[in-house]
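Going down the list, the protein sequences come from chains A and B. So the first sequence is numbered by the working numbering: it starts at 1 and just counts up by one. So the second sequence is numbered by the working numbering: it starts at 1 and just counts up by one.
Simulated from the structure, these hints should not be mistaken for lab results. All of these numbers come straight from a predicted model, not from anything done at the bench. Any given hint could be a false lead.
[To be verified] Under 10 Å between C-beta atoms, here's a sample of chain B residues computed to sit facing chain A:
(1) PHE33
(2) LEU34
(3) GLY46
(4) MET47
(5) LEU49
(6) GLY99
(7) HIS101
(8) ILE121
(9) LEU203
The beta-carbon is built from N, C-alpha and C at its ideal position, and this holds for glycine as well.
Next come the chains, spelled out residue by residue.
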Amino acid sequence: MTDAILEAHVTEGALLATRRRTLVSLRRGDRAFFWATRLSAYAVLLILGGIILSLLSGAWPAMKVYGFEFLVTQRWAPNAMPEPILGGLGPIYGTLVSSLIAMAIAVPVGLGIAVFLTEICPPRLRQPIATAVELLAGIPSIIYGMWGFFYLGPFLAEYFQPAVIGLFANVPVLNEIFKGPSSNLSLFNASLVLAIMILPFVTSVARDVFMTVPPVLKEAAYGIGCTTWEVVRNVVIPYTRVGVIGGVMLALGRALGETMAVTFVIGNSFRISQSIFAPSTTISAAIASEFAESSDLHQSALILLGFLLFVLTFCVLALARLMLMRLEKRAGK
Amino acid sequence: MSDRAIFAARRRANALAMALSVAATAFGLVWLFLILSTLVVSGLSGMSLSVFTEMTPPPNVQGGGLLNAIVGSLVMTAIGVGIGAPIGILAGTYMAEYGRHEKLTTVTRFVNDILLSAPSIIIGLFVYGAVVVPMGRFSAIAGALALAAIVIPVVVRTTENMLLLVPNQLREAAAALGMPRANIVLTVCWRAARAGVLTGLLLAIARVSGETAPLLFTALSNQFWSLDITSAMANLPVTINNFINNPDPNWKRLAWAGALVITAAVLGLNIVARALAARSKSR
Chain A
1 MTDAILEAHV TEGALLATRR RTLVSLRRGD RAFFWATRLS AYAVLLILGG IILSLLSGAW
61 PAMKVYGFEF LVTQRWAPNA MPEPILGGLG PIYGTLVSSL IAMAIAVPVG LGIAVFLTEI
121 CPPRLRQPIA TAVELLAGIP SIIYGMWGFF YLGPFLAEYF QPAVIGLFAN VPVLNEIFKG
181 PSSNLSLFNA SLVLAIMILP FVTSVARDVF MTVPPVLKEA AYGIGCTTWE VVRNVVIPYT
241 RVGVIGGVML ALGRALGETM AVTFVIGNSF RISQSIFAPS TTISAAIASE FAESSDLHQS
301 ALILLGFLLF VLTFCVLALA RLMLMRLEKR AGK
Chain B
1 MSDRAIFAAR RRANALAMAL SVAATAFGLV WLFLILSTLV VSGLSGMSLS VFTEMTPPPN
61 VQGGGLLNAI VGSLVMTAIG VGIGAPIGIL AGTYMAEYGR HEKLTTVTRF VNDILLSAPS
121 IIIGLFVYGA VVVPMGRFSA IAGALALAAI VIPVVVRTTE NMLLLVPNQL REAAAALGMP
181 RANIVLTVCW RAARAGVLTG LLLAIARVSG ETAPLLFTAL SNQFWSLDIT SAMANLPVTI
241 NNFINNPDPN WKRLAWAGAL VITAAVLGLN IVARALAARS KSR
C-alpha cells in the first residue's frame with residue numbers, strides 16, 4: 001500500500017520535473033526562434049547598408065580627385081598621363097537616354113497588351129498569353145545580349161536604320177537625331193532590347209492594377225453606351241493612374257540598371273553622339289566591360305559610376321514603391 | 001456633326017484602339033518567338049552529349065564541353081540559395097508573424113522591395129568590395145554570396161506574402177492548445193504557406209541561375225575543373241560571355257549550346273513554379 005502511494009508520488013514528481021524541463025526548453029526554443037527571425041530581418045537592412053558603405057568607400061578616391069567635375073566631363077581616358085582623366089557624363093547620358101527611349105517603346109506597348117488581356121481577349125486565351133509575355137522576363141539577360149548582337153543588330157543596321165535615316169534626311173533636328181551611318185552597335189539597339197526586356201514588367205503591373213477597377217464602374221460606363229476604348233480611357237486609366245505610374249517607374253528602375261543585354265549591343269563608346277544610331281555606353285555596361293581589367297583610380301571611378309547608378313535607381317524605385325503603397329492603402333480602405 | 005457621324009467616329013476610334021492593342025500583344029509575342037526560335041536553332045546545332053561530359057576546351061581546339069561550367073554554376077547556385085533561402089524565410093517570417101505592425105517591418109519591407117529590383121551589377125560591386133578585396137582573390141564563395149544577396153529579397157517577399165494569407169484562426173486554435181509561438185509558426189503557419197514559399201524559392205533559383213553581371217568580378221571564371229570554393233570557379237553565364245565574344249567557332253558553338261541549357265533550365269523552373277502556384281491556389 002505504502003509502496004503504491006510512494007510510487008505514485010515519485011512518478012508524479014518525475015512527471016513534474018519532465019514537465020518543467022519541457023516547458024523551459026520550449027521557452028528557450030521560442031526565444032531562439034524569435035531572435036533568429038528578427039536578426040534575419042536586420043540582415044536585409046544590413047545588405048542595403050553594406051552596399052552603400054562599400055560603394056562609398058570604393059568611390060572615395062575618385063570623388064576626392066574629380067569632385068563634381070566628374071558629372072560634367074565627357075572625356076574618359078584611363079591611360080592618360082600623368083593622371084588618368086575620367087568623366088562620367090558619357091555613361092550617365094547613355095543610361096538616361098537608352099532607358100527613356102526604352103520606356104517610350106515599352107510603356108504604350110505594355111499598356112496595349114494589358115488592355116488586350118483585360119478587355120478584349122477571350123477568357124480561355126488570357127492566362128496563356130499573360131504567361132507567355134511574363135516568360136520574356138524569365139529569359140536571362142545575357143541571352144538577350146547574344147540575340148541582339150548576332151541577329152537583331154545586323155537586321156536593324158541593314159534594313160531599319162537606313163530606312164529611318166532616309167526618311168528624316170531632310171527634316172531639321174530629326175536628321176541629327178537619326179543620323180547615319182547605320183551601325184550594328186548603337187544606343188537605339190540597346191533601347192529596343194531594353195524595351196523588350198521590361199515589357200513584361202509594365203504589362204504585369206498594368207494588368208494587375210486594371211483588374212482592381214470595380215466592375216460596377218465599368219458596367220455603368222458600358223451601360224450608358226461607351227465603347228470599350230472610351231471605358232478604358234475615361235474609367236480604367238483614370239482609376240488606376242497612380243498604380244500604372246508606379247509600375248512604369250518600377251520598369252524604369254530595371255531599365256536603368258540592366259547590364260549584360262546592353263553591354264553586348266551598345267558598342268561601349270564614351271563619346272556622346274547626337275545620333276541615336278551611334279554607339280554609346282551606359283554605367284552598367286561600362287562597369288561590366290572595364291571593371292575586371294581596372295585598377296586604382298580607374299577602378300574607383302567605375303565604382304563611383306556604380307554609386308551614382310545606385311542612387312538613381314534607389315530614387316526611382318523608392319518613388320515607385322511609395323506610389324504603389326498609396327494605391328494599396330486606397331484599395332484596402 | 002450629325003449623331004450618326006459622331007457615332008461612326010466613336011466606332012472608328014474604338015476599332016483603331018482595339019486594333020492597336022491587338023498589335024501590341026502581337027509585337028510582344030513576336031519577340032518571345034524570335035528569341036526562343038533563334039536560341040533553339042543555334043543551340044541545338046551546337047548541342048551534343050560531350051557538352052555535358054567534357055571540360056571547357058582551350059581556344060582553337062576542337063571538341064570539349066561545358067561540364068566544369070555547369071557544375072560550377074550548380075555549386076554556386078546551391079551555396080547561394082543555401083545561404084539566402086534560410087535568411088530570407090526567417091526574415092519574411094519575422095515580418096509576417098512577429099512584427100506585423102512594427103516600424104521595423106515597414107522599413108524592412110521598403111528596403112527589401114528596393115533590393116528586389118536593384119541592379120545586379122551593383123550587388124557584384126558590393127561583394128567585390130566586401131569579399132573579393134579582403135580575401136585578395138576571386139572566389140566561388142564570393143560569387144555564391146552575390147547570388148545569395150539576390151535570392152534573399154525574392155524569398156523575403158514571397159514568404160511574407162504567403163504567411164499573411166494564412167488565416168488567423170489557425171494561429172488562434174494552435175495558441176489555444178498552449179503551443180508556444182515558435183511552434184505555431186513552425187508547425188502550423190509554415191505548413192499552411194509551404195506551397196507558396198516553395199514557389200518563391202523556385203523563382204529565386206530561376207532568377208539567379210541566369211545572372212551574369214554579379215559573377216563577372218566575384219567568381220570570375222576558370223578553364224579547369226575546380227571544386228575549391230575559395231578560388232575562381234567556372235560558371236555557365238560567365239563562360240558563355242567569354243566564349244561568345246571570341247572568334248573561335250568552336251567556342252561560339254559551345255556558348256550557344258550553354259545558352260540553350262541555361263534558358264531551358266530557367267524557363268523550366270519558371271513554369272514549374274507557376275504550375276505549383278496555380279495548383280495550390282485551386283486547392
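Each hint tested on the structure:
1. PHE33: With a closest approach of 9 Å, the PHE33/B hint holds.
2. LEU34: holds, 8 Å
3. GLY46: Given a least distance of 12 Å, the restraint on GLY46/B is violated.
4. MET47: Cβ of MET47/B sits 15 Å from chain A, so the hint is violated.
5. LEU49: violated, 23 Å
6. GLY99: Hint on GLY99/B: holds, closest Cβ of chain A at ~7 Å, below 10 Å.
7. HIS101: violated, 14 Å
8. ILE121: This interface hint holds because 4 Å falls under the 10 Å limit.
9. LEU203: At about 9 Å, which falls below the 10 Å cut-off, the nearest Cβ of chain A leaves the hint on LEU203/B intact, so it holds.
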